[in-house]
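> Sequence:
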Amino acid sequence: MTDTIEALPPEIQLDDYLAAHNATIVTTEGSHAVSVHGELELNGQRIPYHLVPDEGFLGKSGKWRKLDAEARLALVKERWNDAARLKMEGQLAACARQVFEVQGVDHLRVLSAFLAKYERAKARCTITLDRVAAARSQQNVSQAVAKTRDAVNLSLYPESFATAYAMQRHFIAVLGPTNSGKTHAAMEHLQKAKSGVYLAPLRLLALENYTRLQQAGIAVSLITGEQRKLHPDATHVASTVEMLNPERQVEVAVIDEIQLLDDPDRGAAWTAAVCGVPAQTIYLVGAPEAREAIESLVARVGGTLEVRTLERKTALQMDKAPLLSLKNLRPGDVLIAFSRREVLNWRDKVIEQGLSVSAIYGNLSPEVRQSQAERFVAGETQVVVATDAIGMGLNTPARRIIFTTASKWDGYAEGVIQAALAKQIAGRAGRFGKHETGFVAGFDGVTHKTISALLRQKPEPLPESGFFVAPGLKYLEAIAEATGEGKLKSLLSLFARHINVHDEFFLPANLSEQMAKAEWLDALPLSLADRFTFSLCPVSTKIAMLETALHDWAEQRARKRTAPLLRMVGSGGRNELQYLEDSCKLYAAYAWLAYRMPDTFPDGEMAQLLMQSTSERIDALLQVQNSQKRKGRGGAEPASRKPGSRHRR
Numbered sequence: 001m002t003d004t005i006e007a008l009p010p011e012i013q014l015d016d017y018l019a020a021h022n023a024t025i026v027t028t029e030g031s032h033a034v035s036v037h038g039e040l041e042l043n044g045q046r047i048p049y050h051l052v053p054d055e056g057f058l059g060k061s062g063k064w065r066k067l068d069a070e071a072r073l074a075l076v077k078e079r080w081n082d083a084a085r086l087k088m089e090g091q092l093a094a095c096a097r098q099v100f101e102v103q104g105v106d107h108l109r110v111l112s113a114f115l116a117k118y119e120r121a122k123a124r125c126t127i128t129l130d131r132v133a134a135a136r137s138q139q140n141v142s143q144a145v146a147k148t149r150d151a152v153n154l155s156l157y158p159e160s161f162a163t164a165y166a167m168q169r170h171f172i173a174v175l176g177p178t179n180s181g182k183t184h185a186a187m188e189h190l191q192k193a194k195s196g197v198y199l200a201p202l203r204l205l206a207l208e209n210y211t212r213l214q215q216a217g218i219a220v221s222l223i224t225g226e227q228r229k230l231h232p233d234a235t236h237v238a239s240t241v242e243m244l245n246p247e248r249q250v251e252v253a254v255i256d257e258i259q260l261l262d263d264p265d266r267g268a269a270w271t272a273a274v275c276g277v278p279a280q281t282i283y284l285v286g287a288p289e290a291r292e293a294i295e296s297l298v299a300r301v302g303g304t305l306e307v308r309t310l311e312r313k314t315a316l317q318m319d320k321a322p323l324l325s326l327k328n329l330r331p332g333d334v335l336i337a338f339s340r341r342e343v344l345n346w347r348d349k350v351i352e353q354g355l356s357v358s359a360i361y362g363n364l365s366p367e368v369r370q371s372q373a374e375r376f377v378a379g380e381t382q383v384v385v386a387t388d389a390i391g392m393g394l395n396t397p398a399r400r401i402i403f404t405t406a407s408k409w410d411g412y413a414e415g416v417i418q419a420a421l422a423k424q425i426a427g428r429a430g431r432f433g434k435h436e437t438g439f440v441a442g443f444d445g446v447t448h449k450t451i452s453a454l455l456r457q458k459p460e461p462l463p464e465s466g467f468f469v470a471p472g473l474k475y476l477e478a479i480a481e482a483t484g485e486g487k488l489k490s491l492l493s494l495f496a497r498h499i500n501v502h503d504e505f506f507l508p509a510n511l512s513e514q515m516a517k518a519e520w521l522d523a524l525p526l527s528l529a530d531r532f533t534f535s536l537c538p539v540s541t542k543i544a545m546l547e548t549a550l551h552d553w554a555e556q557r558a559r560k561r562t563a564p565l566l567r568m569v570g571s572g573g574r575n576e577l578q579y580l581e582d583s584c585k586l587y588a589a590y591a592w593l594a595y596r597m598p599d600t601f602p603d604g605e606m607a608q609l610l611m612q613s614t615s616e617r618i619d620a621l622l623q624v625q626n627s628q629k630r631k632g633r634g635g636a637e638p639a640s641r642k643p644g645s646r647h648r649r
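Take the sequence shown: its position 235, counting from 1, is numbered 235 in full-length UniProt numbering, and each next residue is one higher.
Read the hints as simulated data drawn from the structure, not as lab findings.
Every residue gets a Cβ at the ideal spot worked out from N, C-alpha and C, and that includes glycine.
Check the hints yourself; a few may be wrong.
[Said to hold, decoys possible] Just the calculated beta-carbon pair ranges, DEER-fashion: (1) Leu566 - Thr541: 18 to 24 angstroms; (2) Thr235 - Asn153: 33 to 39 angstroms; (3) Ala83 - Ser112: 24 to 30 angstroms; (4) Leu305 - Pro564: 46 to 52 angstroms; (5) Gly44 - Asn153: 28 to 34 angstroms; (6) Gly44 - Asp444: 54 to 60 angstroms; (7) Leu305 - Pro232: 32 to 38 angstroms.
[Unchecked claim] Straight-line distance between alpha carbons at most 25 angstroms, and here's what the computed PhoX-like set of lysine-lysine pairs gives: (8) Lys122 - Lys60; (9) Lys449 - Lys320; (10) Lys449 - Lys66; (11) Lys320 - Lys458; (12) Lys327 - Lys449.
Required output: the full structure, derived from the provided sequences and hints.
As structure tokens, this is what we get:
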């Protein structure tokens, strides 16, 4: 039997070895690692675990990809074997014994920390013992701390949305891949309803469906973080998901891109929307892999659920061969890169081939992205070069999607993109009524094979628990009243700690950016409500100009002074494009604050106008760069128009 196994190809041997040892290969902390599962028997209890052994790391993703199949098999055998299992289970058993020594706690609930397939065993033991320490201290806590625990009892999170919780709600999950018409189906019902709300992941999508409802003759308001267009007799609202009004009852609601429930940064907004939107009928629109998560969450919040699945309206197929050369580009193609720098580099290379280009990436304002996409749709540009920003909210009916790479920086290291992202981007190829078949290719052979494999792969279903929750001001005020704690950073930390201890169905959202702002906001003489608002302002602390502006604005609020908007003047010189992009973000942040603190930030309307004019400058600059680089090649000058303006062919 051993001879037979050893005669198999190394790839098959590796799969068989992993299966025999209850193991899989996962990507975590920017590295590949062995993740293993099993059970301990202790004190008559079965304790399941699913963890990465401390010795189970196989190397950074780039190093792992360079290993051949035999080397991978040898490395896995070295890192995970019977001796390694005994060592890890001994470590877990020692930790579990300490847990069982503590009275008055749910031992198995505490030990559920062992179910974390992407995390190190040692780290989870530390978390488990921290939970035990917290449990020990809570046995003797004061009444104030008990009130704090009640304030963050997230098992009752759905009940905190009183209006929605009191209603009999019917959920309809409309699930399908890109280009399956799922959003259209939901919007048709929304248009026919007497009242309704559309909740979008992006300002761009909110604006698009606001316009759609307007054109259908519906009285509709637009509400986003930075922009509001209010109709006095509005029956419908189109808004970003974070702007949900949990008190306004409607007949129909549409929550778009429901798979973002699993996003650690923004997923809390989707959790809140499902729990809190007060609508009789709620459409949950998104990718098929969200089905199990939806079923679990709806069962928890209450209501009936109907699931509808849709298929693509057009065929999608891989090209037989990679592109290999930009000389093989054709009008209607879209090139995908995964950073602003790479998009602009590839754009310049494409222009050198005599083709006109639209550039789309996340740092551009929604208006510029829309304008660049519209130029492509109208035939003013022949090719698009874009990041994965093209995968959501932009109408770009491509003939062919070409991946320049299959790797993306994930915050730790370069790694192969997830199958779900590959499918979302590739799904932009083909458009019903225009390109009946969409084609997908990689630029080089390795990328071509990788993308082909990803498109064949079934995306991993979203987790059925662990839904993200962000703390609202009411939660923080309750904790502050109970404990006497006044610092925002400490309150956020308390919130996160209590969620981790109390209910594993709901988990804290990623609060790192908010806590970084809270640290310096706590030094200012501002109310908790004001510090909380500033901590949520959509300004990246990684951009010095924006962080400095937020500091200045908060100081003006603390001094009870108005903070007039200062128009950005001059230019960024060689970095003018970056300068304009950052300026647009600054105006958007001011507009966001102006809606929440109009007495301190009186120039909200001016900020809106400057956002628009700066977007126009960015769009014009992109076109000038496009034109200048094509002049020597006989390319036609692109037509000039404003972002968002409608073009008639």
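> All hints are to be evaluated individually against the structure, with a verdict given for each.
So, going through the hints one by one against the coordinates:
Hint check: leucine 566 to threonine 541, Cβ distance near 20 angstroms, so the stated range 18 to 24 angstroms holds. Between threonine 235 and asparagine 153 the beta carbon distance is about 36 angstroms. The supplied range of 33 to 39 angstroms therefore holds. A C-beta distance of roughly 27 angstroms is found between alanine 83 and serine 112, which places it inside the suggested range of 24 to 30 angstroms. For the pair leucine 305 and proline 564, the supplied restraint of 46 to 52 angstroms holds, since their beta-carbon distance comes to about 50 angstroms.
Hint check: glycine 44 to asparagine 153, Cβ distance near 30 angstroms, so the stated range 28 to 34 angstroms holds. Range check, glycine 44 to aspartate 444: about 58 angstroms between beta-carbon atoms, so the 54 to 60 angstroms window is met. Separation of leucine 305 from proline 232 is about 36 angstroms and conforms to the stated range, judged on CB atoms against 32 to 38 angstroms. Our distance criterion of 25 angstroms between C-alpha atoms is met by lysine 122 and lysine 60, whose separation comes to about 20 angstroms.
Simply put, lysine 449 and lysine 320 have alpha-carbon atoms about 10 angstroms apart, close enough for the 25 angstroms limit, and the pair holds. For the suggested pair lysine 449 and lysine 66, the alpha carbons sit about 15 angstroms apart, so the restraint of at most 25 angstroms is met. About 21 angstroms separates the Cα atoms of lysine 320 and lysine 458, which keeps this hinted pair within 25 angstroms; it holds. Only pairs whose Cα atoms come within 25 angstroms are accepted, and lysine 327 paired with lysine 449 is accepted, the gap being roughly 21 angstroms.
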